[in-house]
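Asks: Produce the complete structure using the sequences and hints provided.
Line order of the protein sequences matches chains A and B.
Under the working numbering, the first residue of the first sequence carries the number 1, and numbering increases by one thereafter.
Under the working numbering, the first residue of the second sequence carries the number 1001, and numbering increases by one thereafter.
Check before you lean on any hint, since a few could be wrong.
[As the list claims (entries may be wrong)] To spell it out: a stretch of chain B is covered by chain A in this simulated footprint if at least three of its residues, at any positions, have a beta carbon under 8 angstroms from a beta carbon of chain A; those stretches are: (1) 1097-1111; (2) 1137-1151; (3) 1318-1325.
Think of the hints as simulated: they come from the structure by calculation, not from any bench.
All figures in this text were calculated on a predicted structure; none of them were measured in a lab.
Ideal Cβ positions, reconstructed from N, Cα and C, are used throughout, including at glycine.
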Amino acid sequence: MAAAMSFLPNLRNLFFPPASSQAKDRGSKRGASWFWMAVGVLYFVLPLVATFDFSLRARKGVLSFLAYERVFKDPAFWKTFIFSLEMAFFTILVSLLLVVPTAYWIRLRLPKLRVIVEFISMLPFVIPAIVLVFGFIRVFSGAPFFLTNTSFGTNVLLVAGYTVLALPYMFRAVDTGLAAIDVRSLTEAAQSLGAGWGTILFKIIFPNLRVAILSGAFLTLATVIGEFTIASFLVGINAFGPYMSLIGQNKTYESSSLAIISFMLTWAFMGLLQFLNRGQASSSLAGAH
Amino acid sequence: MAFLTLTDISKYFGGVAAVERFNLDVEKGEFVSFLGPSGCGKTTTLRMIAGFELPSSGTILLDSEDVTYKAPNQRNVGMVFQSYALFPNLTVGQNIGFGLQVRKENEAVIKARVDEMLGLIHLEQHQNKYPYQLSGGQQQRVALARALAIQPRVLLLDEPLSALDAKIRVELRLEIRRIQQALGITTVYVTHDQEEALSLSDRVVVMSQGRMEQVGTPFEIYNYPRTQFVAQFVGQLNLLPITGLDLAAETCLLAGQTVQFEHHQSRQLSEAPRLAIRPEEFRLGALEGCNVLSGRVETVMFLGAVVRLRVEVGGLLFSADLFNERNITPPRVGEQIEISFPVHACWLT
Chain A
1 MAAAMSFLPN
11 LRNLFFPPAS
21 SQAKDRGSKR
31 GASWFWMAVG
41 VLYFVLPLVA
51 TFDFSLRARK
61 GVLSFLAYER
71 VFKDPAFWKT
81 FIFSLEMAFF
91 TILVSLLLVV
101 PTAYWIRLRL
111 PKLRVIVEFI
121 SMLPFVIPAI
131 VLVFGFIRVF
141 SGAPFFLTNT
151 SFGTNVLLVA
161 GYTVLALPYM
171 FRAVDTGLAA
181 IDVRSLTEAA
191 QSLGAGWGTI
201 LFKIIFPNLR
211 VAILSGAFLT
221 LATVIGEFTI
231 ASFLVGINAF
241 GPYMSLIGQN
251 KTYESSSLAI
261 ISFMLTWAFM
271 GLLQFLNRGQ
281 ASSSLAGAH
Chain B
1001 MAFLTLTDIS
1011 KYFGGVAAVE
1021 RFNLDVEKGE
1031 FVSFLGPSGC
1041 GKTTTLRMIA
1051 GFELPSSGTI
1061 LLDSEDVTYK
1071 APNQRNVGMV
1081 FQSYALFPNL
1091 TVGQNIGFGL
1101 QVRKENEAVI
1111 KARVDEMLGL
1121 IHLEQHQNKY
1131 PYQLSGGQQQ
1141 RVALARALAI
1151 QPRVLLLDEP
1161 LSALDAKIRV
1171 ELRLEIRRIQ
1181 QALGITTVYV
1191 THDQEEALSL
1201 SDRVVVMSQG
1211 RMEQVGTPFE
1221 IYNYPRTQFV
1231 AQFVGQLNLL
1241 PITGLDLAAE
1251 TCLLAGQTVQ
1261 FEHHQSRQLS
1271 EAPRLAIRPE
1281 EFRLGALEGC
1291 NVLSGRVETV
1301 MFLGAVVRLR
1311 VEVGGLLFSA
1321 DLFNERNITP
1331 PRVGEQIEIS
1341 FPVHACWLT
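Replies: Quick look at the structure:
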């Protein structure tokens, strides 16, 4: 009994620590948070700093941007980069035209199908790109579709492949955007005012998904720019992904500079997204009563 | 000929009846409310008028035109939603002008109409603001202006005040009625709030479980409810068990005390009839020509304009609302009192 009584204050301290010990706990928790944050930052930043440092050592004994100069002066860099940008543009366009009306219609009329479509949209994470591209080559190399015979045909296949790869990002982004607005009421309000489906989609739904669409588009762009497997089988060295891989195999410093450039590009896109996003979040939420 | 006619409208969702054999004629310029609890079919009926739901059977005539299966964007019907449903990407002015732009009206006409509507809802200063910059009440006024800007044949309002706080709700209620009367627009209003329905409407349709219980003016609905559901749903009602019923003499025993009532032959009685009395029909003291009961005060609630008593009479508990008068002290808990109510104020259900 006495042992139990002496145990009680400890128990009380455990659940209701005295004010001084609470303050101490808060301090140590804050310290631990900062420690783990620092570990996280170092984990992400150190390799980048090391890569950047290495990319500056192309000229012996001095730090210089020589590797960057070489990359930017290489016509193949611009050619492959612009080609991949073009492919990304068409991929985003096709993805949007495919995903936005589908996700919208599912939210509006077929909510039970959402789980199935969500599952389908996740398949690219499970099925390797190599399987997809082999399937493409097998199906579209013979009659009735001779798409692999022309560069236009392979570009079409490339966009189709990228659209599949981008599906999880685009669907997720658009679906989240749709969840933040009252799709049904907005649609019905527009209908009662005389709007048809085209007007509803392009004047109401698309503009209110601006941020979601931009997120999906930038993620798609980032995926397409660095994609290697599908591009190397369909268009080879013409795309930026295989070009980066080739440089990585042959030119040490340039490959590091390319890695930094691609990081900078991604960050620039993210920054642009944040910039375009300003003020939009609050308006989206306010519209989502 | 009525302006809006619903004939034998039914709607089934997977075999479950949401609305059954709904018949209603609405005159031009009339304000009709659908009143009922959640799930009674009032919103479904409104959505069928708007075209968002198709009836399983029946017809809807609007200005002599059969619109039963017409698409919502072909009906020229204005709709105001509980959630406002303003387009977040458009300003107040653009929201109001949206319907006119869809109709490809010229810019001058749109601008004039938008200005007119902004004047009507007293939000001239907010034309260039976005919906998220407005309060709930302001947003709903914009939604109302947007629905009216297209000069709809019928204005439909689906619980437009439910998301607002009490004070704004009362203000906007008056505003809606003022605008409706100023424009003379035929209006159908859905609400579960009896005060809203009674104060706004020319006629009220009380609904329960997909069926119309009663249609009538607010006065008729409140004072002459035809069914027990209407009597209980609209206003407060004491339903007290009785014995010794004598229909010929129009008397019965209530907790052993004789009570006289008025019985209408048209009124159908349930198997175990009960006496219905509204709490506000009671007066303190024994009044001549009235039924008088003796009882004990169980609780006293002071509500400002009204003092609500719970009185126990022979084991029966009922509510009595007395007007608060400064020179009369309300009874105290435990006090024995006599309480009266007129013969015409009670009926059998």
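Asks: Hints first: check each against the structure and report whether it holds.
Replies: Hint check results:
Residues of the region 1097-1111 of chain B lying with their CB closer than 8 angstroms to a CB of chain A number 4, which satisfies the three-residue condition for coverage. Beta-carbon proximity to chain A at under 8 angstroms applies to 4 residues in the region 1137-1151 of chain B; the threshold of 3 is reached and the given coverage holds. Interface restraint, the region 1318-1325 of chain B with chain A: violated (0 residues with C-beta to C-beta distance below 8 angstroms; minimum three).
Of the numbered hints listed earlier, the single one contradicted by the structure is hint 3.
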